[in-house]
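**Q** Could you build all of it, start to finish, from the sequences and the hints given here?
Protein sequence lines correspond, in order, to chains A and B. Residue numbers for the first sequence follow this note's numbering, beginning at 303 and rising by one. Residue numbers for the second sequence follow this note's numbering, beginning at 303 and rising by one.
Treat the hints with care, since some could be wrong.
Identical chains share a label here; the pair holds if one copy fits it or two copies do between them.
[Unchecked claim] Below are the DSBU-like pairs computed for lysine-lysine, each with C-alpha atoms no more than 35 angstroms apart in a straight line:
| hint | residue 1 | residue 2 |
| --- | --- | --- |
| 1 | Lys358 | Lys312 |
| 2 | Lys342 | Lys312 |
| 3 | Lys321 | Lys333 |
| 4 | Lys353 | Lys328 |
In short, the hints are calculated from the structure, not lab data. Since the structure is predicted, the reported quantities are computational estimates derived from the model, not experimental observations.
There are 2 protein chains.
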Amino acid sequence: MKAIVNVFLKDGVLDPQGKAAHHALKSLGFKNVNSVRIGKQIVLDLDATNKDEALKEVEEMSETLLANTVIEDYTIEIVE
Amino acid sequence: MKAIVNVFLKDGVLDPQGKAAHHALKSLGFKNVNSVRIGKQIVLDLDATNKDEALKEVEEMSETLLANTVIEDYTIEIVE
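**A** Here it is in structure tokens:
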């Protein structure tokens, strides 16, 4: 079973990596970009057969290690 | 219009960040994780009304700046 965790900075938290990419895109001539936010996409390959259990476990992983919940939010998607 | 670009390392390219996360998850007691790959998720807010044109532009951004196509692949999703 595959789980995809998208971790992104909360609204209002400064994203210097995104700002840098935005600036670079503008320099390259891409004028109609309003904002750029850069997050992480974590793809986990799991030994699990039960979708609900997998979701619960990945939630625990996200809370303890994958995301810094002070400044980051995350979404979890279980695939197949 | 919002565009989401997922950038991830090609298969076979070593992912030290993913390896570290995998190791840390195992140390924390999450035993049934087989592998972890970590990529980037870039969310762009665009001034565009035409979906096809937006897709074309984001493709160009990905090729020139957002992804290193030697070692990385990317997918683009245009939202609303």
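**Q** So, for every hint listed, does it hold in this structure?
**A** Hints and how they fare:
{"no.": "1", "hint": "Lys358 x Lys312", "result": "both (22 angstroms within a copy, 29 angstroms between copies)"}
{"no.": "2", "hint": "Lys342 x Lys312", "result": "both (13 angstroms within a copy, 16 angstroms between copies)"}
{"no.": "3", "hint": "Lys321 x Lys333", "result": "within (14 angstroms within a copy, 38 angstroms between copies)"}
{"no.": "4", "hint": "Lys353 x Lys328", "result": "between (43 angstroms within a copy, 20 angstroms between copies)"}
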